[in-house]
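Asks: Sequence:
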Amino acid sequence: MTTQTQTDLLAALTALKAKEWVDLTHTFGPDSPHFFMFEDAEFKTLFNHDYGFFAQQFSFAGQYGTHIDAPIHFVRDTRFLEELELKELVLPLVVVDKSKEAEADHDFTCSKDDLLAFEKEHGPIESDTFVALRTDWSKRWPDAERFCNKDDEGNNRIPGWGLDALTFLFEERGVKAVGHETFDTDSAADFRKNGALHGEYYVLEQDTYQVELLTNLDKLPAKGAVIFNVVPKPEKASGFPVRSFAILP
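Using our numbering, you'd call the opening residue of the sequence shown number 583 and step up by one each time.
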């Protein structure tokens, strides 16, 4: 690396650090909301400072807290988390704000028409981007009851993506990955109707990843930010808690 290249790289880092950085990740613990089939996380202290050091042991499902799903999570014979390339995890960010719709209708399902309405205001959704669906559902965190939002019959009432919106994003706009503020890609209404998470399967079938349980999307512009998804590399993992953050333009 030449001196000029080093100087350019450090100048770029200085420029980035001068920007506003937004944490898109929930702090999670044993009492945090999670998918109903998973056990509560367990945090155990192994050694405290009386032993000269503080060490803990953590037990939780890979899809816990703000987390990343690798393709293998739903699709056989595809990539594990460790096989995602670093440059895939850093992408231009598009935030589709449907928070008012989700507030008015907890069964809101984002459609292709919703995305076309977004494009009418903000311009076409560019290829190779990460598209996040903002519903402000993250504001219910960490209240598990409000997050699950069950009706009198015990059904979750949670907004999400519709399959037509996802096929539009990947097949007509060529986006790279998606994310959302809820447990699942699909709205709970679509899951009840279909008896399966067709949207989640579709996304992961594209040999890409998604990030679930994002937060602070209300602090981001519709376009111009960049998302970073920093995650450990457990062996043969289908997903893991992620530290997602955005740098604003």
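Simulated from the structure, these hints should not be mistaken for lab results. Please note: incorrect hints may appear among the correct ones.
Taking lysine to any residue pairs in the SDA-like style, the calculated list, with each CA pair at most 20 Å apart, reads [to be verified]:
id: 1; residue 1: 694; residue 2: 752
id: 2; residue 1: 758; residue 2: 679
id: 3; residue 1: 758; residue 2: 722
id: 4; residue 1: 758; residue 2: 661
id: 5; residue 1: 669; residue 2: 709
id: 6; residue 1: 694; residue 2: 779
Asks: Next step is simple, just say for each hint if it's right about the structure.
Replies: Verification of the hints:
1. 694 x 752: holds (12 Å)
2. 758 x 679: Answer holds: residue 758 to residue 679 is near 19 Å, not above 20 Å.
3. 758 x 722: violated (28 Å)
4. 758 x 661: The hint holds at about 15 Å.
5. 669 x 709: holds (15 Å)
6. 694 x 779: holds (18 Å)
In terms of the numbered hints stated before, the structure departs from hint 3 and from no other.
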